[in-house]
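Visitor: If you read the sequences in order, they're chains L and U. Mapping the first sequence onto my numbering, position 164 (from 1) lands on 164, and the numbers just tick up by one. One rule links them: number in my numbering = place in the second sequence (from 1) + 1000.
Please note: incorrect hints may appear among the correct ones.
[Said to hold, decoys possible] Quick list of simulated restraints, FRET-style, between CB atoms:
1) L:Phe21 x U:Leu1086: 27 to 35 Å
2) L:Ala107 x U:Asp1100: 26 to 34 Å
3) U:Asn1095 x L:Met18: 27 to 35 Å
4) L:Gly103 x U:Lys1103: 23 to 31 Å
5) L:Gly103 x U:Leu1102: 25 to 33 Å
6) U:Trp1052 x L:Thr85: 22 to 30 Å
To be clear, the hints were calculated from the coordinates, so they are not data collected in a lab. We put the beta carbon where it would ideally sit given N, CA and C, even for glycine.
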Amino acid sequence: MLALLVAQNIAFYIIAVMMVFGAIRVVTTKNVMHAALWLVLVLSGAAAQFILLAAEFVAITQVLVYLGAIIVLFLFGIMLTRAKTGTDDDLDNKKSAKFIGAGIGLALFGLMSYSLIDGFKDTEFGDLTVQRTAEVSDSIFSTYLLPFEVLSVLLLAALIGAIVIARRD
Amino acid sequence: MFLNQFLLLAAILFCIGVYGVLARKNGVLVLMSIELILNSVNINLVAFGAYWHVNDMANVTGQVFALFVIAVAAAEVGVGLALVLLIYRNRQSINIDDVDMLKG
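Bound conformation, chain U alone:
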């Protein structure tokens, strides 16, 4: 297996996630696209980790960082969904476009 096939798969998923963040206006769907992005980063980390592990058996840095990313993603989704709920409670809609009070 080539290293590149995993990296390119991760690149495709990352770009689809970026498109989702830009094209969606529903708050929950934007969060899902962010999950896609974080997940593609994980694929990269594990692929590089496996590649390193072949040469240096004691080195599992890629996996450790992937685990850290998973934990941070869980925290991010928790807080993000709490914010979406709050926006819904105040405005009866979760369109990101409606949240424009910072605009003068």
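So that you can see chain L by itself, here it is in the shape it has in the complex:
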């Protein structure tokens, strides 16, 4: 049991470092295409973290929806707006705006990490058990049926809205 715990921790930290590095590259890289590809690293890292948390269905959905659909959508968006392939120096706001952004980000992180460490000091997970897909579907189709239906309507509305907005007439 202890060996498993150590292995989980090592995996967590390796994936976490990868994700943070990828996320920093997404917001700093000078190449739009590379930003989309670094985003793949972050999102697949998140899927791996979900597996570590024994949430198999969310992990699979993350891979299918984010890596399969949203990244492809981003790549289409990049290509349709004829972004410069290669480096492009005109992607960021001016220096002062970047400093303000970094300040806000750091302040936010300080606040959140203070409250998280204060609130959940060393709460442990205990023995994680696999959260089976059957339980998830039971929950969606009983307790959360109404939000699920609302979400379906939202997706339909977004589909029609996107077509109406992007259509040429």
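Guided by the hints, dock chain U onto chain L, whose structure is given.
Guide: Below, chain U alone, put in the same frame as chain L:
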């Protein structure tokens, strides 16, 4: 594993996403930063869900809400990219700074 290590990872990703939204002016890159933010929220939800699940086996609320967030994020990206395409078609650029007609 501590609950906090997942929450802090999500906090770091959230703050990087906030920085990206503020520092980028390319529309597509702003949308990518928003994806980072939504994804970090998902990590939080699943972590809390797993934490609850240990004590109450029938409770998978965290996962269900993470799935809802994924679906809403997909809808958001669809509409957002449609808007970016429209801006590009009208102005031949997707710099957010150029979209300033609301300024008097």
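Visitor: Return the numbers of the hints above that this structure violates; sort them in rising order.
Guide: 6
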